[in-house]
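4 protein chains.
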Amino acid sequence: MSSTFGRLLRVTTFGESHGPAVGAILDGCPPGIPLTAEVVQRDLDRRRPGQSAVTTQRKEPDKVELLSGVFEGVTTGASIALVVRSVDARPADYANLKDLFRPGHADYTYWKKYGVRDYRGSGRSSGRETVGRVAAGAVARLILSSIGARVQAYTVQVGDIVAEKRDLGFAEENPVRVPDREKAPLMERAILAAREAGDSLGGVVEIRADCVPAGLGDPVMDKLEAVLAWGLMSIGAVKGFEVGDGFAASRRRGSEMNDRMTPGGFASNHAGGILGGISTGEPIVCRIAVKPPSSIAIPQKTVDVEGKERDFAISGRHDPCLCPRVVPVAEAMTCLALADALLRQRAIEPWVKKLEDPLHKARA
Amino acid sequence: MSSTFGRLLRVTTFGESHGPAVGAILDGCPPGIPLTAEVVQRDLDRRRPGQSAVTTQRKEPDKVELLSGVFEGVTTGASIALVVRSVDARPADYANLKDLFRPGHADYTYWKKYGVRDYRGSGRSSGRETVGRVAAGAVARLILSSIGARVQAYTVQVGDIVAEKRDLGFAEENPVRVPDREKAPLMERAILAAREAGDSLGGVVEIRADCVPAGLGDPVMDKLEAVLAWGLMSIGAVKGFEVGDGFAASRRRGSEMNDRMTPGGFASNHAGGILGGISTGEPIVCRIAVKPPSSIAIPQKTVDVEGKERDFAISGRHDPCLCPRVVPVAEAMTCLALADALLRQRAIEPWVKKLEDPLHKARA
Amino acid sequence: MSSTFGRLLRVTTFGESHGPAVGAILDGCPPGIPLTAEVVQRDLDRRRPGQSAVTTQRKEPDKVELLSGVFEGVTTGASIALVVRSVDARPADYANLKDLFRPGHADYTYWKKYGVRDYRGSGRSSGRETVGRVAAGAVARLILSSIGARVQAYTVQVGDIVAEKRDLGFAEENPVRVPDREKAPLMERAILAAREAGDSLGGVVEIRADCVPAGLGDPVMDKLEAVLAWGLMSIGAVKGFEVGDGFAASRRRGSEMNDRMTPGGFASNHAGGILGGISTGEPIVCRIAVKPPSSIAIPQKTVDVEGKERDFAISGRHDPCLCPRVVPVAEAMTCLALADALLRQRAIEPWVKKLEDPLHKARA
Amino acid sequence: MSSTFGRLLRVTTFGESHGPAVGAILDGCPPGIPLTAEVVQRDLDRRRPGQSAVTTQRKEPDKVELLSGVFEGVTTGASIALVVRSVDARPADYANLKDLFRPGHADYTYWKKYGVRDYRGSGRSSGRETVGRVAAGAVARLILSSIGARVQAYTVQVGDIVAEKRDLGFAEENPVRVPDREKAPLMERAILAAREAGDSLGGVVEIRADCVPAGLGDPVMDKLEAVLAWGLMSIGAVKGFEVGDGFAASRRRGSEMNDRMTPGGFASNHAGGILGGISTGEPIVCRIAVKPPSSIAIPQKTVDVEGKERDFAISGRHDPCLCPRVVPVAEAMTCLALADALLRQRAIEPWVKKLEDPLHKARA
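Protein chains in written order, with my numbering: chain A, 1 to 364; chain H, 1 to 364; chain B, 1 to 364; chain W, 1 to 364.
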C-alpha cells in the first residue's frame with residue numbers, strides 16, 4: 001500500500017475502520033506555526049459521524065492527540081503525529097459479511113490483491129481512514145492561513161438537485177453543507193427519502209480556494225490541477241474531478257473559454273484559477289463527483305469467496321449520501337496539495353527575478 | 001519544476017517547443033523486454049503533427065533516438081533515454097508575442113512563477129512536451145503487452161457531438177480518432193468549420209484498458225484512479241477526469257450504481273474497472289475533458305507585461321481541436337500508470353496468499 | 001524535516017525525547033506476514049535504556065502498541081502504526097540547558113534551522129527517536145526472515161580496543177555486545193572507567209547480513225551500499241560508514257582487492273558482499289564509526305543564545321558509550337534497506353531471464 | 001534500476017560505456033541562473049579521460065549539449081537535459097569478455113539481477129556513467145555559487161602515501177590532484193609503477209565545502225551527512241565514507257571530540273561542519289575510500305557463465321588509480337546534495353523566526 005501524499009509536506013495515514021486507532025504523521029511542516037489539538041479537533045468535528053440525520057449514526061468522539069512536532073504551542077519542523085482512538089468499534093457486526101464480496105465495495109479487490117482482508121467495516125478502505133487526512137489537513141490549512149489563503153468545500157449537487165447559489169456562509173449552517181438556502185431542505189429531504197427507501201444518493205462537492213497567490217504548481221507532471229486531482233480522487237467514493245469549467249469546457253469554443261486579461265485583471269475564470277498547471281491568483285475552483293454509498297439496506301445478491309450466490313442486506317449505521325462528510329476531507333486534501341505547492345514555490349523564490357506584476361494593482 | 005511521473009517506473013521529460021530537442025528518460029523498466037526505436041516510433045507517429053487537416057500543419061518528422069538501456073535488442077534494466085530532435089522550429093514566429101500574456105495560455109503564470117519565460121511557442125508548456133511522454137509510454141505499453149494488457153484511447157465527443165458507438169478498430173481509421181462511423185464525418189466537419197471561423201473546439205477523450213489483471217493500484221493515496229487522474233490531468237488542456245460512470249454517478253442511487261457480482265463475474269461495470277482504488281479485472285474505462293485550444297485566429301485583446309491593453313491575433317499552425325492528438329498522449333500516461341502499478345503489485349506478490357478466485361472461472 | 005526512509009518499504013518516524021510518545025508508520029509491508037507486538041517488543045527490548053551499567057540509567061519500559069496494518073495476526077498490506085508511550089520523561093531536568101548550545105549536540109543547528117528548539121533532552125535529535133526505527137526494523141526483519149536472510153550487528157571496537165573474534169552468539173551475552181570473549185570485559189571496564197572520569201568513548205559497530213540473495217540493490221543511485229550508507233549515517237552519532245574492506249581498500253592493490261571467482265564460489269569477500277551496487281550472495285559486511293557521546297559530566301564551556309560564554313556540566317542519565325545501543329538501531333536500518341531492496345527486486349523479477357547460476361552449485 | 005538522486009533538485013542519469021551517448025536530466029533547478037554549455041564543459045573537462053599519464057588513455061572529447069531548460073542564457077526552471085555523445089566507443093574490444101565474470105567488476109551481479117548484461121566496457125556500471133553526474137553537478141555548483149558556497153575535492157591518499165598539506169590551489173595543478181607539493185610526485189610515481197606492474201592502487205579523496213550556511217540538512221532521515229553518504233557511496237569504486245573525524249572519532253573521548261563553542265565561533269571542527277544532521281556554518285569536510293581499479297593487466301583467473309574456470313588478462317585503456325578522476329565526480333555529488341538541501345531549507349525559511357545569531361559576528 002501507499003499511504004503517503006505530498007512531496008515536501010507529506011501526510012502518511014494509518015488505521016482501519018474497527019481497529020484500535022486511526023491517524024497520520026505529517027512530515028515537512030514548517031516550524032513556528034502555532035498549533036494545538038483544539039485547532040485540529042475543529043476540523044475533525046466537522047468530519048465526525050453522527051452530526052445529523054443525514055449521516056451515519058455511528059458515535060465516535062474522534063478526539064485527537066498530538067504526539068509530536070509541537071513545543072510550547074508551535075510547530076518545531078519535526079514530524080507531527082496525530083492519533084485518534086476508536087471507541088465505537090463493533091467488529092462483531094461484520095462477522096456475517098466475512099466471506100461475502102459486497103458489491104460496490106473493495107472487498108473483492110483487497111482480497112484479490114493482498115490475499116487477506118480486514119472485513120471489519122471495510123477495514124482500510126473504510127471512510128474512517130480519512131480521519132488522518134482531516135487531522136493533517138487542519139495543519140496544512142494553518143500553513144495556508146499564514147499567507148492569507150483559505151479553502152472551503154460544500155455540496156453543490158445531491159442526486160438530481162443542483163445548487164444554484166454560492167452562499168458560502170450558509171453552507172456550514174445546514175446538515176447537507178449546501179450553500180443554497182432554497183435547495184438545502186430539498187436535498188435534505190431527498191437524502192432522508194433515499195435512506196427511508198433503503199437506498200442512497202450520489203452528489204457533487206465543489207472546492208474553492210481563495211487568496212492563493214499566483215505561481216503555485218509544478219509543471220509538467222505536478223501541475224496544480226494534476227496534484228489536486230490525485231489528492232481528491234484518492235478519497236473513497238470519488239469518481240470524477242474537474243477544474244474550472246471542467247467537462248463543460250469540452251462543449252465550448254476557444255473564443256468562449258479563454259479568460260480575457262485586462263489591465264483590471266482577469267475578466268472571467270473559466271480556467272478555475274489555474275493556467276498551464278500554475279495558479280493564476282484567481283480563486284481555484286474544482287468539483288468532485290461522489291458516488292452513492294454502496295452500503296444500502298435494500299436486499300442485494302452477490303457471491304462469496306467460494307463463488308456461491310448469496311443474498312444479503314446491510315443493516316448498519318451508514319451514510320445515505322456521502323457529500324456532507326466528504327466536504328471536510330476534500331478541504332483537507334486541497335489544503336495539503338496547496339500547502340505543498342506553496343512550500344515548493346518558496347524553495348525557488350529567492351532565485352525568481354522580481355518583476356512588477358501588472359495584475360497586482362488590479363487586485364490590490 | 002517537476003517533470004517526473006511514476007514510482008517504480010519513472011518517466012522524466014525534457015524539452016521546449018522550439019528548443020533543439022524534446023524527449024525523456026524512462027527509469028525502472030524491467031530487463032529482457034524486446035525494444036527497438038521502431039516500436040517507439042509507431043506511437044510517436046500517431047502523435048506527430050500534420051497528419052490530417054484537423055490538426056496543426058507544423059511539419060515535424062519526430063524521429064526518435066534510443067540512446068541507452070537497450071542491448072542486443074532488449075531492455076537491460078538501465079534507464080532508457082529517448083531523444084527527438086526538433087526540425088521545424090521557428091522561434092522567430094513568436095517574437096511579436098514576447099511581451100504579451102496570451103489568454104488561456106500559461107504565459108502569465110510561467111512569467112509570474114519563474115520570472116523568466118521561454119516565449120517561443122509556449123516553451124515548456126507547449127503540447128510538444130508530450131513527445132517524451134509518448135515515447136516513454138510506448139515502452140510502458142510493451143510492459144503491459146508482456147502480460148496481455150492493452151490500452152486504447154479515442155475521441156468520444158467534439159463540441160456538442162457525442163459518439164454513441166465504440167467501434168475501436170475504426171477509431172484509428174479516421175482523423176478525429178472517433179470510434180463511430182456516423183459521427184466521425186460530423187465531428188471532422190465541425191472541426192474544420194471552427195478552424196474556418198478562426199475558432200477552436202473542445203471535446204472528450206475516453207481511455208480503455210483491457211485485460212488488466214485484478215489487484216493493481218495502491219490505496220489509500222495511490223489508488224489506481226487517483227494515479228490515473230494525476231497522470232491524465234497533467235496533460236495540457238485537460239480540465240476534467242472521470243472513471244466509470246464518473247459525474248453521472250453523482251445522479252445515481254446506490255441500488256443502480258453497485259455492480260452486482262455473480263458466479264459468472266461482474267454483471268455490469270459502473271465502477272469502470274476499479275473498486276477501492278484497485279483494479280477489478282474488468283475493463284478500466286475513464287474519460288478526460290479537453291478544452292478548446294487557446295490559440296485561435298480570431299483577434300483577441302489582452303495585456304502585456306507592462307499592463308497595457310493590446311490587440312493581437314495568432315496566425316500560426318495550431319490545432320483547431322486537440323482530441324485527435326491527445327489520444328496517443330492519454331494512452332501513454334495510462335500505460336505508464338498501469339505499468340507502474342503492475343510493477344508495484346509484482347513487488348508484494350510473492351507474499352500474497354494464493355487463493356482460488358471464484359471469478360476466474362467466469363472469465364476463463 | 002524529513003523522517004522517511006525507503007522507497008517501497010517506507011518507514012516514517014515521529015517523536016521527541018521527552019514528548020508523550022515516539023514511534024513510526026511502516027508503509028508498503030507485504031501482506032500475509034505473521035506479526036505481533038511481541039515480536040516487535042523483542043527488538044525494542046534490546047534497544048531499551050537501562051539494561052546494564054554501560055548504558056544510560058533512564059528507565060523506559062518502551063512497550064509498543066500495534067495500531068494498524070495487522071488482522072488476525074498477519075499483516076494486511078496496510079500501513080503499520082507502531083507507538084511507544086514515554087513514561088520516564090523529565091523535561092524539567094533540561095530547563096537549565098534551555099538557552100545553552102551544548103557542544104557536540106544539535107542545539108545550535110536546530111535553533112538556527114528552525115528558529116525554535118525543543119530543548120527537552122535534545123528533542124527530536126535525541127537517540128530516543130530511534131525507537132520508531134527499531135520497531136519498524138523488526139517488521140523489516142520478518143520480511144527478510146521469510147526468505148531466510150538474517151542481520152546481526154555487534155560492537156567491534158571501543159576506544160582503542162579492537163575485537164578480533166566474531167563469536168556472534170556471544171555478542172548478545174555481554175553488555176557491550178562484542179563478539180569476542182576476551183575483549184568484552186576489557187571494553188566494559190574501559191567504558192565504566194570513562195564514565196567514572198565523567199567522559200565518554202567512541203567505537204565501531206559492524207553489521208553483517210547473511211543469506212541475502214544475489215541481485216539486490218538498484219544502481220546507479222540506489223546502489224545497495226549507497227542506501228545502506230544513507231540509512232546508517234542517518235543514525236545520530238555515526239560519523240563514518242564502510243563496506244567490505246572499506247578504508248583499508250584504499251591501501252590495497254587491485255590484485256589483492258579483487259575477489260577471485262572459482263567454480264566453488266567467491267574465494268574471498270573483500271567487496272563485503274556487494275559488487276557494482278548489487279549483492280553478490282556473499283555475506284554483506286559493513287561498519288560504522290560511532291562518536292563518543294557528547295553528553296559528559298566533565299564541566300565544559302560554551303555560549304548561550306545571546307553569545308555569552310557559559311560554564312556548564314551535564315548531570316543526567318547518559319550513555320558513556322553508544323555502541324551497545326546503536327547495535328539494534330543499525331540492525332533496524334540494515335533490515336529496512338535490505339527489505340526495501342528485496343521488494344524492488346521482486347518487482348522486476350518476473351521479467352528476468354532465468355539463468356543457471358554457476359555459483360549456485362557451489363553454495364548449495 | 002534507479003538513476004535518480006535528490007528530492008527537489010533531482011538528477012537522473014543515463015548511458016552505457018560504449019553506447020551512443022551518456023548524460024542526464026536535471027530537474028528542479030531554480031530559474032534565472034546564468035547557464036551555458038561552456039560552464040558545464042569546464043567540469044566535464046576535468047573528468048575527461050586521457051588528461052595525463054596517470055589516467056586511462058581512452059580519448060573522449062566529451063562535448064556536452066544543453067538541450068533544454070535554458071533560454072537566452074539563463075535557466076527557466078524547466079528540466080535541463082545534458083547529453084554527451086560517445087566517440088571513442090570500441091565495443092568490439094570487449095567481445096572476448098562476453099561470457100566471463102571479471103573479478104571485482106559488476107559482471108556477475110548485473111547478469112544475475114537482470115538476466116542480461118551489456119558487456120561492452122562494463123555497460124551501465126562503467127565509470128563513464130558519471131559524465132551525467134558531473135554535467136548536472138556543474139549546474140548544482142552554480143546554485144551554490146549564487147549564495148557564495150563552493151566545493152572542492154582532492155586526493156589525500158594513494159596507496160600508503162598520505163597527503164599532509166591542504167594546498168588547495170595546487171591540487172588542480174598536478175595530475176593526481178593532491179594538495180601537497182611534496183607528496184604529489186611520490187603519488188604520481190607510485191601510480192605509474194603500479195601500472196607498469198600491471199596492477200592498480202586505491203586511495204582516499206577528501207571533499208571540502210566552504211561558506212555553506214548553517215541550517216542545511218533534513219533530520220532525521222535526510223541528515224546532511226546521510227545524504228552526502230548516499231550520493232558519494234553511489235559512485236563506483238567507493239567503499240567508505242566519513243565526515244569530520246570520521247573513523248578516528250571512534251577512538252576519541254567525548255571531551256576531545258566536542259567542538260567547543262565560543263563567542264568567537266567554533267574553536268575546532270571535529271564534527272566536519274555538521275551537527276545533528278544540519279550544517280553548522282563551519283567547512284563541511286568528508287572523505288571517501290576509493291578501491292584500486294579492478295581492471296588490471298596481471299593475468300587473473302575467474303569463471304565463465306557456465307562455471308568453467310578461465311584465465312584472462314585485461315588489455316585495455318584503464319585507470320591505474322581512480323582518485324584523480326573521482327575528484328570531479330565527488331564534487332558533483334556533493335554539489336547536488338548541498339544544492340538540494342539548500343532548496344529544501346529555502347522552502348521553510350519564510351516561517352523560521354529570525355534570530356540574532358551570536359556566531360554571526362564571529363564569522364563576519
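The hints are simulated quantities; they were obtained by calculation from the structure and are not laboratory data. A quick note: this is a predicted structure, and the numbers were derived from the prediction, not measured. Treat the hints with care, since some could be wrong.
No distinction is drawn between identical chains; accordingly, a pair holds when it is met within one copy or between any pair of copies.
Derived DSSO-like pairs (lysine-lysine); straight-line CA-CA distance at most 27 Å [as the list claims (entries may be wrong)]:
1) Lys-98 / Lys-63
2) Lys-301 / Lys-354
3) Lys-354 / Lys-59
4) Lys-165 / Lys-354
5) Lys-308 / Lys-353
6) Lys-98 / Lys-308
7) Lys-301 / Lys-165
8) Lys-353 / Lys-165
9) Lys-59 / Lys-98
10) Lys-59 / Lys-301
11) Lys-59 / Lys-353
12) Lys-301 / Lys-63
Evaluated hints:
no. : hint              : verdict
1   : Lys-98 / Lys-63   : neither (29 Å within a copy, 32 Å between copies)
2   : Lys-301 / Lys-354 : between (64 Å within a copy, 26 Å between copies)
3   : Lys-354 / Lys-59  : neither (53 Å within a copy, 38 Å between copies)
4   : Lys-165 / Lys-354 : neither (39 Å within a copy, 45 Å between copies)
5   : Lys-308 / Lys-353 : between (67 Å within a copy, 21 Å between copies)
6   : Lys-98 / Lys-308  : within (14 Å within a copy, 57 Å between copies)
7   : Lys-301 / Lys-165 : neither (40 Å within a copy, 31 Å between copies)
8   : Lys-353 / Lys-165 : neither (41 Å within a copy, 42 Å between copies)
9   : Lys-59 / Lys-98   : within (23 Å within a copy, 44 Å between copies)
10  : Lys-59 / Lys-301  : neither (29 Å within a copy, 57 Å between copies)
11  : Lys-59 / Lys-353  : neither (54 Å within a copy, 35 Å between copies)
12  : Lys-301 / Lys-63  : neither (38 Å within a copy, 46 Å between copies)
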